[in-house]
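Engineer: Sequence:
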Amino acid sequence: MKNEELAAMIQALEANFKKHSEQQFSKFTAKLEEQVTRLDMRVDQLQSAASKSSAEMGNGSQLADSIPLPRASSQSESREVNAILKIMRVKVARFDGVGVENLIYKINKFFDLHCVSQAMRLVMVAFHLEGAPSTWYQWMEKGGGFGDWESFLRALRLRFGSSINDDSMGKITKLVQTGRVSAFREEFEQLMTRTSGVPDQYFLNYFVWGLKTEIRRELLLSKPIDLADAMAKAQLYEDRNDDMVARARGDGYRASWPPRISQPYSARRLA
Numbered sequence: 191m192k193n194e195e196l197a198a199m200i201q202a203l204e205a206n207f208k209k210h211s212e213q214q215f216s217k218f219t220a221k222l223e224e225q226v227t228r229l230d231m232r233v234d235q236l237q238s239a240a241s242k243s244s245a246e247m248g249n250g251s252q253l254a255d256s257i258p259l260p261r262a263s264s265q266s267e268s269r270e271v272n273a274i275l276k277i278m279r280v281k282v283a284r285f286d287g288v289g290v291e292n293l294i295y296k297i298n299k300f301f302d303l304h305c306v307s308q309a310m311r312l313v314m315v316a317f318h319l320e321g322a323p324s325t326w327y328q329w330m331e332k333g334g335g336f337g338d339w340e341s342f343l344r345a346l347r348l349r350f351g352s353s354i355n356d357d358s359m360g361k362i363t364k365l366v367q368t369g370r371v372s373a374f375r376e377e378f379e380q381l382m383t384r385t386s387g388v389p390d391q392y393f394l395n396y397f398v399w400g401l402k403t404e405i406r407r408e409l410l411l412s413k414p415i416d417l418a419d420a421m422a423k424a425q426l427y428e429d430r431n432d433d434m435v436a437r438a439r440g441d442g443y444r445a446s447w448p449p450r451i452s453q454p455y456s457a458r459r460l461a
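Residue numbers (the working numbering): 191 to 461.
One should not assume that every hint holds.
[Unchecked claim] No farther apart than 20 Å at their CA atoms in a straight line, the calculated lysine to any residue pairs in the SDA-like style are these:
1) Lys413 - Pro389
2) Lys364 - Phe393
3) Lys296 - Leu348
4) Lys281 - Cys305
5) Lys281 - His304
6) Lys402 - Thr363
7) Lys402 - Ser412
Source of the hints: derived by calculation from the structure; they are not laboratory data.
From a predicted model like this one, the values you see are computed outputs, not experimental measurements.
All chains should be built: construct the whole structure from the sequences, respecting the hints.
Structural biologist: Below, the structure is given as structure tokens:
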């Protein structure tokens with residue numbers, strides 16, 4: 191092969207290679223530009239999503255700030271109650287059928303203090319019953335139990351409470367003081383605990399007009415502001431009257447028994 195033909199062949203190969211390379215480079219460049227465009231679009235989408243998420247988080251923070259959080263005092267109060275319960279070891283005496291209103295008052299306070307749910311109260315109350323109340327509870331439980339806590343309390347009152355013929359309000363209206371103020375007050379308070387739906391002013395009037403006349407007069411002049419004030423003043427007036435009577439008895443004793451003056455011996459002898 192001649193040198194000229196060989197040189198021409200080499201030039202043709204170089205030209206062909208150059209042409210092919212340029213074509214491949216053009217394709218590669220086009221694909222690269224396409225990928226770059228896609229990446230740019232993806233970056234824009236991510237930036238948009240990030241901006242939207244930041245805005246939502248900002249609104250969420252504002253919303254969270256607008257929602258009142260539990261007060262620290264509530265947590266401290268809860269800890270304080272738990273500490274008190276550990277120290278005092280609050281308990282409710284077992285109910286044997288006597289004093290149903292006293293039991294209901296204490297058991298409600300006890301369960302409220304321990305934050306016991308209404309459903310759980312029906313379970314736990316069984317451990318506070320003994321004797322006839324415990325037997326009655328077991329019998330009622332076998333018969334279907336109680337619908338809720340209030341239903342149990344109503345049934346308990348009907349079974350172990352005062353008789354339907356026991357008119358506590360009627361007894362209050364007829365109650366009068368025959369002994370000490372303390373005894374009258376105690377009986378009055380016992381009847382009050384078995385009476386509901388009566389305004390306090392009525393209790394005040396019945397208490398005042400049930401007192402003895404001398405105490406009632408002074409109490410009416412003092413115009414007590416409420417029942418507690420009337421009870422306290424009635425006790426003070428009784429104590430004061432007792433002191434006055436004691437002093438009067440002491441003065442009368444000295445006046446009714448004057449000392450005897452003995453006559454001189456000579457005078458008695460002459461007589």
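Engineer: None of the hints should be skipped; say for each whether it holds.
Structural biologist: Here's how the hints hold up against the structure:
About 18 Å separates the Cα atoms of Lys413 and Pro389, which keeps this hinted pair within 20 Å; it holds. Between Lys364 and Phe393 the CA atoms are separated by roughly 12 Å; this keeps the pair inside 20 Å, and the hint holds. Restraint check for Lys296 and Leu348: the C-alpha separation of about 18 Å stays at or below 20 Å, so the hint holds. Between Lys281 and Cys305, the direct Cα distance comes to roughly 14 Å. Compliance with the 20 Å bound is thereby established for this hinted pair.
In summary, the hint linking Lys281 to His304 is supported, as the alpha carbons are separated by about 11 Å, within the 20 Å threshold. At roughly 15 Å between alpha-carbon atoms, Lys402 and Thr363 fall within 20 Å of each other, so this suggested pair holds. Between Lys402 and Ser412 the alpha-carbon distance is near 16 Å, which keeps this suggested pair within the 20 Å criterion.
In the structure shown, no violation is registered for any of the earlier numbered hints.
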